[in-house]
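The whole structure should be built from the sequences, with the hints applied where relevant.
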Amino acid sequence: MTSMYTPTELDELKLPGLPGKRAIQIRAKKEGWQGVKKGNAVAYPVSVLPAEAQEALRKRAIKAHSKELVAKAAATAVAQIDPTGLKAYQRDTMQARAAILAHIDALVAMANEGTLPAELAALVPVANARAGTGRTLTRPTLYNWLKARELAGGKVVALAPATPTEPPIPAWAGPLMDLYARPTKPSLAWAVEELGKTLRADLAPSYDQARRFLLKLDTITRNQGRMGPRALKSYRAYVARDTSELWPTAVYVADGHCFDAEVAHPRHGRPFRPEITTVVDVYTRRIVGWAIGLSENKWDVSAAAVRAFTTCGVCDIWYADNGPGFNNRLWDDELTGLVARLSITKKNSLPYNSQARGVIERLHQTVWVTAAKRLATYMGAAMDGEARQRAFKRTRKDITTAGSSRLLMDWSDFTEFCELLVAAYNDHPHTGLPKTRDPVTGRKRPMTPNEMWADAVAKGWEADVVSDAEADDLFRPYERRQTRRALVELFGNSYFAPALEGFHGEDVLVGYDVADASRVWVRALDGRFITIARFEGHKTSFFPVSAAEQAREQRAIGRLKRNDAHRAEIMAELNPDALLAHQPTAHFSPEALAEATVLMDAMANPAPEPQPQVTADGRPLFGTDLEWVQWLLAHPEKVTTQDVEGLRTSMRSPTFALEMNMNGVAATTLNNLITTKVEVL
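Following UniProt numbering, the numbering of the sequence shown begins with 1 at its first residue and continues without gaps.
Hints were generated in silico from the structure; no laboratory data involved. Computed from a prediction, not measured in an experiment: that's the story for all the values here. Each hint should be verified, as a subset may be incorrect.
What the hints assert, rightly or not - The following label-pair restraints were derived from C-beta to C-beta distances: (1) Ala-129 x Lys-459: 37 to 43 Å; (2) Ile-104 x Glu-166: 34 to 40 Å; (3) Lys-155 x Ile-26: 48 to 54 Å; (4) Glu-150 x Tyr-89: 24 to 30 Å.
What the hints assert, rightly or not - List time: in silico BS3-like cross-link candidates among lysine-lysine, alpha-carbon distance up to 25 Å: (5) Lys-38 x Lys-21; (6) Lys-29 x Lys-14; (7) Lys-30 x Lys-14; (8) Lys-147 x Lys-63.
For every residue, glycine included, the Cβ atom is placed at its ideal position computed from N, Cα and C.
Take a look at the structure:
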C-alpha cells in the first residue's frame, strides 16, 4: 500500500470522510498536515487522514494483494502447461475458445475505432444507456452483461437498466399549483412572481425550476383547475364505438346546425341564418333525412324524420341531444308520440357530451360548414373580420335601399343548394367505411354511403319504409281533447262532425295538418278512426288560424315584447332626472313668465273630461278595434248580428288576431262570444 498521497490521488480514490480535491487542500492547510513535495503537488502520509479513510485504504490494499497472489498463481499454472504436450481434443478446445475471444476482442476494437457495421453501431449508444456520444464498448462491459443474464437464468429482462429513482416533489409545488391552476389561466411567470412574495428567497423556485416541474406532470394534471371537466375531455381516453355489427336503419343520429352563412329570409327577405336538421344512418354514414327551418323546432325535426322514414326506412334507435326540438309531446307522448306509434327506441346523449355523437358532429363540418365557406355571407370564426364586416354592411344597405341583396341566396335557391350538397356527400368516399375497388380507376378506396347502403341491400337486407298512404296520417300530430255536442276544440278553433254525437264527454285523439286548419282527423284512444271533423261545420265558415300561423304570431308577439323591453332600457339610459339635475338655471323674459302663469292656473283647475259620444241606442263610438272588442266582452247582452258578422270578418285578418293576442284577448274567447250569441239569436 502506498504511504503518501497527493490531493488529486485522494480525490480519485473517493474515500469516505474526504471531500473533493480543493476541499482537501484547504483542510490540509487549515489543519497543518505535514507533507513532502511530489512533482508539482504535495503528498501527505496516510496517518493524517481521517480514521474511516485509513480503514478504507487498508481494505483495498488487502483485496488488491489477494488478487495479485491469485493472478501470480494462475500465471504460474499456465506457465507450467507445455502446449506441445496437449492432446488433440485439448488443442481443439483451446483454439475454439481463442477464436471466440478473438471475435469479442475484434468487436471491442471495431467499436473503439468506429468501424462496426451500421446496424450494430446504432445499437451501441442505446445499449450503453449513458449520456454523451463518445461512449463505446469494453470487454468488462460485455462480460458484465453476460454475467447479469446468466444470474437471471438466461432472461433478457436482466439486461434492462435499473429504473431511476424519482426526485421528491418540492415543497413549493403545492403553493405554485394553487396560483397556476386557475380558470383565468395566469402565466407561469406571474405564478412564480406571486409565490416569491410568500416564500423565503432560498425556498422559492426560479422560473426554470417551475417550468421543468410542470413539464414532468401529465397533461391532465397540469391543466386541472385551468380547464373545466368538459374541456379536459379532449385529453382523456375515450371509447371508440364499433359499427361493424350494425345494419342500415339500426341507429339514426339527428342533430340541428345553425348555418354559418346568411341567406334571404323566406318571408321578408332580410338576412338571417337558417337552422338545418340532419338525420344520419350510423352504419352507412348516409344522410337519410334533412330539413331547413327558421330555428330548431319540433316541426322541422319532424319534417327531417318524415323524409328519413319515407325514403330510407324506420330506424330501430333514434339518437339525439336534449334540445326542445327532439324532446316534446310530438315525439314522447305515450299515446300520440311518434316514438310510441312507430315502436322506436329513443336515446338522448348526455348534456355537453357531443363527442358521443361524433358521427354527425363531424358531418356538420364536412357538409354544412364547408358549404357556408363558399358563400360571400359566411359568418364563421374562420372568416376575415374586415371581409365579414363589409358583407354585413353591404347586405343591410341593399335591403334598405333596394329591398333585396345579390349577396343573399334566395330561399328556393338555398333549398336546391342543400339538396345538391346532400347528394354529393352521399356519393363521396367516406374514410369511416370499408374499402372497395373503384370501377373506373381500379384502385382501392373507401366506399361511399350510397355504395354501403346498396351493398347491404344486395346482401338481402330490406328497409321498413313507411308508405305515402301510411305517412299521411302517421306523421300528423295528434292532441287529446274532449268532445262536446259533436264538437272538438283545437287551438281556439271548433270542429264539427255528426259522428261525434255518440262520443259526447269522452276523450278522443284529434289529428291536424300543421298548415291547413280547415279539418281535423278524430280517432278513439285505441287508434280506431272515427271521422273527419270540419272547421265550424255547424256554422257559416270563416278562415281558421292554423297551428303554424298561431306559432308564427306567438313568435312575433315574443319578438315585439323583447323589442319593447329593449326600448325601455334605452329610454332608462337617457335618465332625464339626472340630466335635469345638471341643467343650468334658465333666465326667462317677463312675457314668458306671464304665459307660464296662465298655463299653471289652467293645470290647477282642469276642465271637466269630455264625455264619450254615444249613438241613439246608447252604444259609444269606438276609435279602435280593441275598444270595440273590449266593450262587446263587457256587454255581451248588447252584441248584435252586425257585431257577429264584423267579428267573423275581422278574425280572418292575422293583424287583427295579433293585436288581440297582444292585448290579452284570446281567439277562443271571441269564438265563445260568437257561438253564444248565434245560439241566442
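Against the structure, the hints:
At about 56 Å, the CB distance of Ala-129 to Lys-459 disagrees with the hint of 37 to 43 Å. In this structure, Ile-104 and Glu-166 meet the distance hint of 34 to 40 Å, their C-beta atoms being roughly 37 Å apart. Judged by the Cβ atoms, the range 48 to 54 Å given for Lys-155 and Ile-26 holds: they are separated by roughly 50 Å. At roughly 25 Å, the beta carbons of Glu-150 and Tyr-89 sit within the given window of 24 to 30 Å.
Taken as a hint, the Lys-38 and Lys-21 pair is honoured in the structure, with Cα atoms around 16 Å apart against an allowance of 25 Å. About 20 Å separates the Cα atoms of Lys-29 and Lys-14, which keeps this hinted pair within 25 Å; it holds. Of the pairs offered as hints, the one joining Lys-30 and Lys-14 holds, with about 21 Å between alpha carbons and a cut-off of 25 Å not exceeded. The suggested pairing of Lys-147 with Lys-63 holds, with an alpha-carbon distance near 22 Å, which does not exceed 25 Å.
Violated hint: 1 only; the structure is consistent with all others.
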